[in-house]
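First to last, the protein sequences are chains A and B. With the working numbering applied, the first sequence has no gaps in its numbers, which climb one by one up to 1071 at the end. With the working numbering applied, the second sequence has no gaps in its numbers, which climb one by one up to 533 at the end.
It should be emphasised that the hints constitute simulated quantities derived from the structure, not laboratory data. For every residue, glycine included, the Cβ atom is placed at its ideal position computed from N, Cα and C. Certain hints may be false.
A few chain B residues facing chain A, derived, Cβ under 7 Å [stated by the list, open to error]:
{"id": "1", "residue": "202"}
{"id": "2", "residue": "334"}
{"id": "3", "residue": "426"}
Sample of chain A residues lacking proximity to chain B, with all beta carbon distances greater than 12 Å (derived) [claimed, not checked]:
{"id": "4", "residue": "864"}
{"id": "5", "residue": "913"}
{"id": "6", "residue": "917"}
{"id": "7", "residue": "926"}
Computed footprint of chain B on chain A; a stretch qualifies when at least three of its residues, placed anywhere within it, have a C-beta under 8 Å from a C-beta of chain B [as the list claims (entries may be wrong)]:
{"id": "8", "region": "944 to 956"}
{"id": "9", "region": "1039 to 1053"}
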Amino acid sequence: MKILLVEDDRRASEYLAKGLRELGHVVEQAFDGETGLAVAGSGTYDVLVLDRMLPKLDGLEIVRQLRAGGSTAPILILSALDEVDERVQGLRAGGDDYLAKPYHLEELAARLDALSRRHSEAGPAGKLRLLDLELDARTRKVTRAGRKIDLTTREFQLLEFLMRHTGQVVTRTMILEGVWDYHFDPKTNVIDVHISRLRQAIDKGFEPQLLHTVRGAGYTLTEDP
Amino acid sequence: MALVSFARSSIARVAVLHGLVLAASMVAVLGGVYLGTSRIIANEGDQLLTLEVQSLAEDFREKDLDAFVTEVVDRAEDPWVRGGVYELRGPTGDFLAGNVVVLPELAAGRDGWAEFDVAVTRGDANASRRIRGRITALRGGFQLLVGHDVQDRHTFREVMLRSLAWAVLVTLLFGALGGLWLGRRISRTAQAITASAGRIAEGNLGERLPVSGSGDEIDALVTRFNDLLGRVESLTTTMRAVLDSTAHDLRGHLNRIRGAAQDARNGAASPEQVRAGDAVLTEIDRLSGTLQGLLRIALAESGTAPLESVDLSAVTADLAEFYQPVAEPDQLHAQITAGLMVRGHRQLLAQALSNLLDNALKYGNGSPVNLTLAAVDGRARLCVSDGGPGIAPEYRELATVRFRRLPGSSGLPGSGLGLSLVAAVARLHHARLELGDGDPGLRVTLEIPLDAAPAAT
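From just these sequences and the hints, can you work out the full model?
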């Protein structure tokens, strides 16, 4: 995937670019806001990573100008500012996701992956499908190999979130944000317990296993791990 | 109730005081005038009478008794034309001459002065006239009363006294009304100031107290207070800016360090290097966690976090449901009243509640954890209790101090920031936080004022 990284902290930018390249991405870098806006306008990128505070042109301002110019490229805003309220501003300005520094490379990579790919949308019948696992968003029914699976409302939402990101890695914070809409830091492994309950429901007694743990990153729902 | 609170209000005190002061000054002025005039009039009358008594006494010495009696009879002839009353009695008390009969019963005061009423018939009308007279003892045991009609003087005094009473009454009334008006003015100003101060206390530091523009003492006070607020606001803004830039700086540094550590770990050549790299990354993450905790506390304490209408019931239900799977079966019991709205910060409230549930499940040693939310006296009472060892009363206050971990908790994971954040979030929401006895265990109660004006849906 082709990524434009606009970050004025050169060393942070280098580490990030190197890490993303090692994961197989093509990364171009800009080190101030004006250059970043110009480069973003001239090239085609799968996803843009913008620092919130940039010299010459603020990160949020770049987002606004790009959106005003009709750009629909997915944008992730990186910020060293307090994440609780800044996040809202970033998304309101037209950003698609927001990540506070210091971040984990795996977290950022997972979010970029989620942003760059079109989410699996429910088909015309409102159905999401992975092999023999089927979720009907309208009737709120889940079946595996034709057998009905009973889920709580939240388990259903969790599964729906995972199925929309089929084949992608989702991190614990992505799950907390996407399914619960909270940004707090659960000190215990609560998300893991929710996942293992869901795994019990959809994988136990079936082959192949679909819900996998990705070490050091999060989880993925896929037929071929 | 309303009357009691009125009586306690400063308006009532000002009104009554104002009325009393006005009335007292009215009494002083009118009383002075009354005393002055009545003394002048009385003196004048008494001097005339004294002169007459002296001339009669002289006549008594120079004339023989018959001539003197004739003179008294003459003078007494038409008392209501000349306004004089006379009575002469002999040494044995026998009536010799005069136009009144009062002497035997009359009790005279100092120097023989006395006042008494005499009934007179003028035409068909009966009237009572007030007489002021002087009884003089003449040589040989004779007694002479000479008196003047002082009815007019008497009437004047009565009218004067009545006017005085009315004047005082009216001033009292007007004084009270004036005081009421004055008090209302002061009270309105005070109410406006109270309302503003309330909004300022809620964190709206940009607000200023209203200045009436009259330049009076209250204006001077308010202006001074506004200057003070300006300083508080600029200090708070500066502090927030310092906080933000420090946070920005630290996060930037941590980010670079993490990048470098990750890079080194990814390029590690040996398993030892991988382990060392992982250890460094873990430490960096722990440090980031602590920094984030501190920053959230600072955000809550700065009072600048934006508040909105939040469905506390929904947040509580979410958190209960979120933590349910980590609890043992039948360990976490939630009892939540639906639809309780508060003015708050959804994310910070969720973080605080998450810390409380996390603590209860961690320190409760598997005992039942109760989570309740109910409306009590205009407040949402959120209560989390466990059946663990609890916190001894002497440590409860310490428990909310940053980085302070309590005795016996050293073996358990924790940053020492959990309850500090809860306390900071409580302050941000003007909430009461109480760490109490769950009997056994710890019972944490958070009482947040309900949102008076829920957002229109």
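Right, here's what the structure says about each hint:
no. : hint         : result
1   : 202          : violated, 98 Å
2   : 334          : holds, 5 Å
3   : 426          : holds, 5 Å
4   : 864          : violated, 6 Å
5   : 913          : holds, 23 Å
6   : 917          : holds, 27 Å
7   : 926          : violated, 4 Å
8   : 944 to 956   : holds (count 6)
9   : 1039 to 1053 : holds (count 3)
Checked against the numbered hints above, the structure breaks hints 1, 4, 7 and satisfies the rest.
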